[in-house]
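Undergrad: Letter by letter, the chains look like this.
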Amino acid sequence: MDAVCLARLQFAFTICFHYLFPALSIGLAWIIFTFQSFYLRTGDEFYQTVSRFWFKFFTISFAVGIATGITMEFQFGMNWANYSRFVGDIFGAPLAAEGILAFFLESSFMAIMIYGANRVSKKVYWFSSLMVAFGSTLSAFWIIAANSWQQTPAGHHLNNGRAELTNFAEALFNHSTIIRFLHVIDGALITGGFFVVGLSAYYLLKKQHLAFAKKSMLFGLVFAFMASLLQFGLGHAHTIQVFRTQPVKLASFEGLWETRSEAPLLLFGIPDADDEETKYKIEVPKLLSYLSGNSADTVVSGLKEVPKEDRPPLLMTFLSFHLMVALGGYFLFISALGLFAFWKETPLENPRLLQLLFLSIPLPFIANEVGWIVAEVGRQPWIVYNLLKTKDAISVTLPAWQILTSLLVFVLLYSMLFCIWFFLIKRTLDHGPVSHSK
Amino acid sequence: MGTWQIIWFILVGVLLIGYTILDGFDLGVGFWHLFTTGEKERQSLLESIRPFWDGNEVWLLAGGGALFAAFPPVYATVFSGFYLAFLLVLFGLIIRVIGIDFRDKVDSPTWKQFFDYVFAIGSIIPSLLFGVALGNVIRGLPLSQQGDFVGTFFDLLNPYSLLCGVTGLFLLATHGGLYLMLKTENGLRQKIKSWVTISWKIFLALFLIVTLWSLIAIQRDGQWFSTAVSLLSLTAIGGIYFFHAKGKSVQAFTCSCLNIVFIFIAVAGALFPFMVRSINNPELGLTIYNSSSSELTLKIMFLLTLIGMPLVGVYTFYIYRVFRKSI
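So the protein lines, in turn, are chains X and G. Using the numbering used here, read the first sequence as starting at 1 and increasing by one per residue. Using the numbering used here, read the second sequence as starting at 439 and increasing by one per residue.
One chain only, chain X, in its complex shape (with noise of 0.2 Å):
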């Protein structure tokens, strides 16, 4: 394997496992927060022992967040030096914002919420689990500003070999920015209601901790499926921004091949990336033209609009896109059935709908990374998009081996981490939030 190749696999590698700790500590961090607002309301302790309890998971994740989040800023210089150059201009700032605006915030709340249970009133505490929300949420916002200039560069110019700023607000505020920060927020949500609702349903399997494991459930259920009936309209509107800014990653979606009006969307289909066709397909007409411009008329791009070298890899984003919807779809759906069962109070009576839901908890974490692969590898073969190739971006004097070194030291150290990561987890779940609260 070349060293752009080993590079890629290990940004894959390393983000996709970084990413599976943020969305959850983010979806939960404002789960938290809502019983601690309740808490502050009511006084009632209850909602503090309910909060401190979900907030054990936090800690854990977030350390794991840290941990392999201090891989992505030095992964920047040390496998992609050239993309440094070329970007640093404008792709610097948000990650530098990041660590000002975002990471003090965060860690300085963080450390009163840990240790300051005894030290602090319980304004500053509810306060303090508003600040570790809202911060971990504007560290999302910076680092997708700087990867959304990656799908649509804007407020730049070409200067001197490399990407200018010309227009701050337009970089930062390009095309995608708000839409895709929406939809990944809201990706959160999904994903820490979903883990909350799980856990409460293994106690009430187990017929442990039964009010605590209800109440939990139940406004892990109202997030959840708010956040998914949510989703549907943000990712419609994130697809129709792809539409209009990246049409060749809209057409490896669909396996649209030629540019056409009256397109129609595929409901099942492979496509085939050497016959430039797609097989098998089951479409309902016109529908794709539809959802992207309102008419039947709006012309869809399709992937012979650009030389076959500068299509994505197309099963991939193809697959991946198709299973974020599907899941997408599942989230709003058993969310919703378990928010019926709790109107008709029978929450407890069906194991099966109970089982259903804590083998839920890892689906939201895989709609995120197959969320990212579509956002991603459907941007190739650009790093950004129209201006610089993914293979023209690497640190071209740094060896190959010494990247693939450090790909088997990140699958190793990674892979104990998440063991540990999954003991603990497991560890906190049997211990139960009575025992265990203060």
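Don't read these hints as lab results, they were simulated from the structure. Treat the hints with care, since some could be wrong.
What the hints assert, rightly or not - Sample of chain G residues lacking proximity to chain X, with all beta carbon distances greater than 10 Å (derived):
hint : residue
1    : Lys478
2    : Ala643
3    : Thr649
4    : Ile654
5    : Ile656
6    : Gln661
7    : Tyr679
8    : Ser687
9    : Val688
Stated by the list, open to error - Derived pair list, reagent style DMTMM-like, types lysine to aspartate or glutamate, alpha-carbon separation capped at 25 Å:
hint : chain 1 : residue 1 : chain 2 : residue 2
10   : X       : Lys56     : G       : Asp545
11   : G       : Lys763    : G       : Glu479
12   : X       : Lys56     : G       : Glu485
13   : X       : Lys56     : G       : Glu477
14   : X       : Lys426    : G       : Asp545
15   : X       : Lys426    : X       : Glu369
16   : X       : Lys391    : X       : Asp272
17   : G       : Lys543    : X       : Glu45
18   : X       : Lys308    : X       : Glu276
19   : X       : Lys391    : X       : Asp310
20   : G       : Lys737    : X       : Glu164
21   : X       : Lys426    : G       : Asp542
22   : X       : Lys56     : G       : Asp542
23   : X       : Lys122    : G       : Glu485
24   : G       : Lys550    : X       : Asp430
25   : G       : Lys684    : G       : Glu623
26   : X       : Lys426    : G       : Asp554
27   : G       : Lys737    : X       : Glu170
28   : X       : Lys56     : G       : Asp554
29   : G       : Lys543    : X       : Asp430
All C-beta atoms, glycine included, are put in the ideal place defined by N, C-alpha and C.
Following the hints, complete the assembly by docking chain G onto the known chain X.
TA: Chain G alone, transformed into the frame defined by chain X:
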């Protein structure tokens, strides 16, 4: 022209100094963690840094981010050039987080002992390698036309840089020990007091060798400046000993912080206007002028920093106040 580059050269320096002073003490505590005995002592050490270490580490991320944003080619050259060294730094920083955060999650002596080692080793590796990296920066690197590092990994392990690494380790060990003098009591404090005295002596010896070596072997224009600042460092190092012997821990720790500031100023003086010097062809060196971002970016970053840093000051002050007594 050039003012913004100088401002950012200083600001990146400030962030790195902030990192070294703040994360430096908790890295140093990690070093001493190896020498403590018994659960009580280990708890005291960990508790002295628990609420702070994460915020301290953010200074590195902020510094790295600022370097990326203000001087992208420098960030690119240094991070890709010091590839395996930075991989090890990452390895250390990652396992360290896990060591601190997960050690007390399970009540088993074996588990705790394992994570004690994880924490200590994870602290020592970066403490050592930051110095090696800085030594190489002072010395200069072989660069290609494009500004890429063209040496091998083993070129980075030259005697001068290795010595800088060991010096850095003892600098941080002393610094962390002085911090512990502020945060511990009774028997443990007595122990640490004698440890710091030893590590201070080792550091002083190493510092003198490195400084003389630098002044003799690495001839630069304007060397008087670095020499003068090194004398200030030496005064601060003397101050550490003086106050430490008298039991005035606050003053001793302050001297240690000042020493770190002076060391960075001396290094900055030796480099300026370069950030990475080229040892094969001086023309290829990366200066703050040929390697900066556009002026617009530098200005906007300055604005963000102007908004952000006072806030950082507020939270940092607040956290250190809330946790002024050990947890």
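Undergrad: So, for every hint listed, does it hold in this structure?
TA: Here is what the structure says about each hint:
1. Under the 10 Å C-beta cut-off, the non-interface status given to lysine 478 (chain G) relative to chain X holds; the minimum distance is some 18 Å.
2. With a least CB separation of 33 Å from chain X, alanine 643 (chain G) remains clear of the 10 Å interface cut-off, as annotated.
3. Its beta-carbon lying about 30 Å from the closest one in chain X, threonine 649 (chain G) satisfies the requirement of being farther than 10 Å from that chain.
4. With a least CB separation of 31 Å from chain X, isoleucine 654 (chain G) remains clear of the 10 Å interface cut-off, as annotated.
5. Every CB of chain X lies more than 10 Å from the CB of isoleucine 656 (chain G), the least distance being 24 Å, so the non-interface label holds.
6. The claim that glutamine 661 (chain G) is not at the interface with chain X holds, since no C-beta of that chain comes within 10 Å of its own (minimum 30 Å).
7. Its beta-carbon lying about 33 Å from the closest one in chain X, tyrosine 679 (chain G) satisfies the requirement of being farther than 10 Å from that chain.
8. With a closest Cβ-Cβ approach of about 23 Å to chain X, serine 687 (chain G) is found to remain outside the 10 Å limit, as its non-interface label requires.
9. Distance to chain X confirms valine 688 (chain G) as a non-interface residue, since its nearest Cβ pair spans about 22 Å, more than 10 Å.
10. Taking the CA atoms of lysine 56 (chain X) and aspartate 545 (chain G), the gap is about 16 Å. The hint holds against a cut of 25 Å.
11. Simply put, lysine 763 (chain G) and glutamate 479 (chain G) have alpha-carbon atoms about 16 Å apart, close enough for the 25 Å limit, and the pair holds.
12. With a C-alpha separation of about 18 Å, the suggested pairing of lysine 56 (chain X) with glutamate 485 (chain G) holds against the 25 Å cut-off.
13. Proposed proximity of lysine 56 (chain X) and glutamate 477 (chain G) is supported: the alpha carbons are some 23 Å apart, at most 25 Å.
14. As the CA atoms of lysine 426 (chain X) and aspartate 545 (chain G) are separated by approximately 15 Å, the hinted pair is consistent with the 25 Å bound.
15. Under the criterion of a C-alpha separation no larger than 25 Å, the hint pairing lysine 426 (chain X) with glutamate 369 (chain X) is consistent with the structure, at around 23 Å.
16. Restraint check for lysine 391 (chain X) and aspartate 272 (chain X): satisfied, since their Cα atoms lie roughly 24 Å apart, inside the 25 Å limit.
17. In summary, the hint linking lysine 543 (chain G) to glutamate 45 (chain X) is supported, as the alpha carbons are separated by about 24 Å, within the 25 Å threshold.
18. Between lysine 308 (chain X) and glutamate 276 (chain X) the alpha-carbon distance is near 9 Å, which keeps this suggested pair within the 25 Å criterion.
19. Restraint check for lysine 391 (chain X) and aspartate 310 (chain X): satisfied, since their Cα atoms lie roughly 12 Å apart, inside the 25 Å limit.
20. The hinted pair formed by lysine 737 (chain G) and glutamate 164 (chain X) meets the criterion: a straight-line CA distance of about 13 Å does not exceed 25 Å.
21. Between lysine 426 (chain X) and aspartate 542 (chain G) the CA atoms are separated by roughly 16 Å; this keeps the pair inside 25 Å, and the hint holds.
22. The suggested pairing of lysine 56 (chain X) with aspartate 542 (chain G) holds, with an alpha-carbon distance near 13 Å, which does not exceed 25 Å.
23. Distance restraint check for lysine 122 (chain X) and glutamate 485 (chain G): the Cα-Cα separation of roughly 23 Å lies within the 25 Å cut-off, and the hinted pair is therefore satisfied.
24. Pair hint lysine 550 (chain G) plus aspartate 430 (chain X) holds up; C-alpha atoms about 20 Å apart against a cutoff of 25 Å.
25. Between the alpha carbons of lysine 684 (chain G) and glutamate 623 (chain G) the distance comes to roughly 16 Å, so the proposed pair stays at or under 25 Å and holds.
26. The straight-line distance between the Cα atoms of lysine 426 (chain X) and aspartate 554 (chain G) is roughly 22 Å, inside the 25 Å bound, and the hint therefore holds.
27. Between lysine 737 (chain G) and glutamate 170 (chain X) the CA atoms are separated by roughly 16 Å; this keeps the pair inside 25 Å, and the hint holds.
28. The suggested pairing of lysine 56 (chain X) with aspartate 554 (chain G) holds, with an alpha-carbon distance near 21 Å, which does not exceed 25 Å.
29. Distance restraint check for lysine 543 (chain G) and aspartate 430 (chain X): the Cα-Cα separation of roughly 13 Å lies within the 25 Å cut-off, and the hinted pair is therefore satisfied.
This entry satisfies every hint, going by the numbered hints stated previously.
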